[in-house]
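Sequence order for the protein chains is A and B. Residue numbers are given in the numbering used here: position 200 of the first sequence equals residue 200, and the series is strictly consecutive. So the mapping is simple: the numbering used here equals the position in the second sequence, first residue as 1, plus 1000.
Simulated from the structure, these hints should not be mistaken for laboratory data. Just so you know, even glycine gets a beta-carbon here, dropped at the ideal spot from N, CA and C. Hints are supplied without guarantee of correctness; some may be wrong.
As the list claims (entries may be wrong) - Covered by chain A, according to a simulated footprint, are these stretches of chain B (three or more residues, beta-carbon under 8 Å):
| no. | region |
| --- | --- |
| 1 | 1090 to 1096 |
| 2 | 1111 to 1125 |
Unchecked claim - Taking lysine-lysine pairs in the DSSO-like style, the calculated list, with each CA pair at most 30 Å apart, reads:
| no. | chain 1 | residue 1 | chain 2 | residue 2 |
| --- | --- | --- | --- | --- |
| 3 | A | 8 | B | 1133 |
| 4 | B | 1139 | A | 16 |
| 5 | A | 84 | A | 16 |
To be verified - Stretches of chain A that chain B covers, calculated by requiring three or more beta carbons in the stretch to come under 8 Å of a beta carbon on chain B:
| no. | region |
| --- | --- |
| 6 | 310 to 316 |
| 7 | 319 to 328 |
| 8 | 397 to 404 |
Below, each chain spelled out in residue letters.
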Amino acid sequence: MRLGATFKVAGRALRKNKLRSVLTALGIIIGVGAVIAMVSIGNGAKAQVQAQIASLGQNILQVFSGSVTASGIRTGFGGAGTLKIEDAEAIRREVPGVAAVSEEVASTAQVAAGNQNWFTRILGESAEYFDIRQWPLADGASYSSQDVRSANKVCVIGHTTAYNIYGDEDPVGQVLRIKGVPFVVTGVLTQKGFSLQGTDQDDVVIMPFTSAMKRVAGGTTLRNINVQIASEDQIESAQQQIVSLLRQRHNIRSGRDDDFTVRNQQEVADTANATADVMTGLLFAVACVSLVVGGIGIMNIMLVSVTERTREIGVRLAVGAHGRDILTQFLIEAVVLSAMGGVIGIVAGIVASKVISMVKNWPTVISPLWMLIAFLVSAAVGIFFGFYPAREASRLDPIDALRYE
Amino acid sequence: MSEGNQSNGVVVELDDVHKIYRSGDMEVHAVCGVSLKIQTGEFVALMGSSGSGKSTLMNILGCLDRPTRGRYLLDGQDVSHLERDQLADYRNSKLGFVFQSFNLLPRTSARENVELPLLYGARRLTNAELREKSDEVLKSVGLAGREDHHPSQLSGGQQQRVAIGRALINDPEVLLADEPTGNLDSRTSVEIMEIFQRLNDHGITVIMVTHEADIASYARRNVVMRDGLVKTDRAVTQRFIAADEMTKLGRLEPEADETQS
Ligand SMILES: Nc1ncnc2c1ncn2[C@@H]1O[C@H](COP(=O)(O)OP(=O)(O)OP(=O)(O)O)[C@@H](O)[C@H]1O
Ligand SMILES: [Mg+2]
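Can you build the whole structure from these sequences, using the hints too?
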């Protein structure tokens, strides 16, 4: 039989029982809709992770005080105070491929100006920090290497801090008291948003690390060293060199654990992606279950349809239809039903992800590939679950079918 | 046709045909050795009491069923042992069916009902050709202007004409009708006989099952069955001509005019 006519017959059969068709397709609609929505959200999250990793700066290695034990538990990570200013200097001097280094000291403190005060993070960094993180100033200027050497009482503040202390006033040139010590605000940073860990990166005061050590945090060790490598293909060798340099400087005998950790941004990205993959796996399981349920619904309704239309099948057989023609007809009907469910599901999924991204303010990225996959899978569900009823129909005896009441 | 010529104009030949139905350990011998020859262009009425095996024989003649024993030559070819799909091809190309209960597809226009056999035929027709052919056939059974009507919008007689149109669309050699007037009143029955006689005059072989003696009189030959066997087989001596009967009935309805066009 001609395919066009077969589709027409299928369309008519489905239209005749509109509500039944829609209810039958609901399993597929929900399954596909959920997949499309969650893939959109998942892709949005991945894209955000990528963007945030990129916002840390290009080709960054972070060296933390403390180490990771064999079991993966961090001991005194960032807090053991094993990194010294001289270590950073040595890296700057001796490791080939290093483009910039920023010594980092971190603390928290109450800061105040006028009658406003605010509890915020204090970061001590070298003057190169803003270049490394590609974090330009919105207003004013950053501090200089001279300020770092002299441990001057200058700082740059993040957007959130600026807003909470100064409101609509211009903070540049104003005095900010940090733990009672007056600092001059030289600039305000552009907004960076939330980090992967969910902290507000703009809720910060950044000052020369020397000043931070001396006047705010105390101590002489660094929390970490941010190292920017000139090109991507040098990262690995630079990482190895840093490790051997620091082991040598810290007199760590071979066989002993490092007392520092070098973290590569790629590893962070890999971890985030692995998490996303677990999500995708769960998603896949949910999708499979709902598609199977939807498929059983289709099989059920196709069996009903075959029974209802036994006489029609008899007539078609009587006028010369082959078993194959009947098989194709019911198979196409099942596929039209499930593919239609797939299309409605895709639309519903897109709408749902748009709504979620609007209401929850999550980014979503709609994937055409997944739309195609969802469509093909729903069509395949129709073929798989439609096959048995269609085969039953095609095996009917013409006389029995014509006599069927 | 060449095959038909070889068999001396015999289009249907049954040779000691048996049909035994088995359900569990019950055996029903519905047809017990029927031998029958029907020439091209004959008009045969198959009669007999209920349960005498008429429908069973018709199903075999119509290639809807295979004989348990015996041989069936259709147009010179043995079709007794063909496969399902081969039988379907014979039904499609050489045979036309008319049922007592019309068996039209519901919620489907007269045109699409008539087109149905063309969809399963060997020849691929364009939509325009399909339409042209089906409209032509509907016109020939007096349903011009009713092409888009659904069965529920047609009278019983009109539905049976759609069914006849469907049977005719592939220019069959044999038209088979199992009690075609069983669900119709006497006047409408005569109209259907008028169509059958006209088709028969154009050379189509007609085999029809009926219970009514007067309907059988429109045929040229009457075969009477009893207990699965042919009891009598004779030519009709006083044949009714439907066109004349219609005139006698006085053309009470305008529909009769269309039929005769
Ligand atoms: N599918 C079947 N299974 C078992 N027995 C059957 C079947 N079809 C018909 N029979 C039996 O075969 C016999 C002949 O049946 P058939 O339908 O051919 O009679 P008929 O002459 O057409 O009768 P009617 O005039 O009432 O239509 C009957 O005894 C019937 O019960
Ligand atoms: Mg019967």
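query: residue 8 of chain A and residue 1133 of chain B: Cα distance at most 30 Å?
result: holds, 19 Å
task: Between the region 397 to 404 of chain A and chain B, see if three or more residues pass the 8 Å beta-carbon test, and mark the coverage as holds or violated.
output: Satisfied; 3 residues make the cut.
message: At least three residues with a C-beta closer than 8 Å to a C-beta of chain A: is that true for the region 1090 to 1096 of chain B?
response: holds (count 3)
- prompt: Counting residues of the region 310 to 316 of chain A whose CB is closer than 8 Å to a CB in chain B, do you get three or more?
  reply: Coverage by chain B holds here, the residue count being 5 at a Cβ distance below 8 Å.
message: Under 8 Å between beta-carbons, do enough residues of the region 1111 to 1125 of chain B, three at least, approach chain A for the coverage claim to hold?
response: holds (count 6)
Coverage criterion applied to the region 319 to 328 of chain A (partner chain B; beta-carbon cut 8 Å; 3 residues): Check passed, 7 qualifying residues.
message: Given the hinted pair residue 1139 of chain B and residue 16 of chain A, is their Cα-Cα distance within 30 Å?
response: This hinted pair holds, its Cα atoms lying about 29 Å apart.
query: Is the hinted pair residue 84 of chain A and residue 16 of chain A satisfied, with a Cα-Cα distance of at most 30 Å?
result: Roughly 79 Å between the alpha carbons, so the hint for residue 84 of chain A and residue 16 of chain A is violated.
The earlier numbered hint that this structure contradicts is number 5, and it is the only one.
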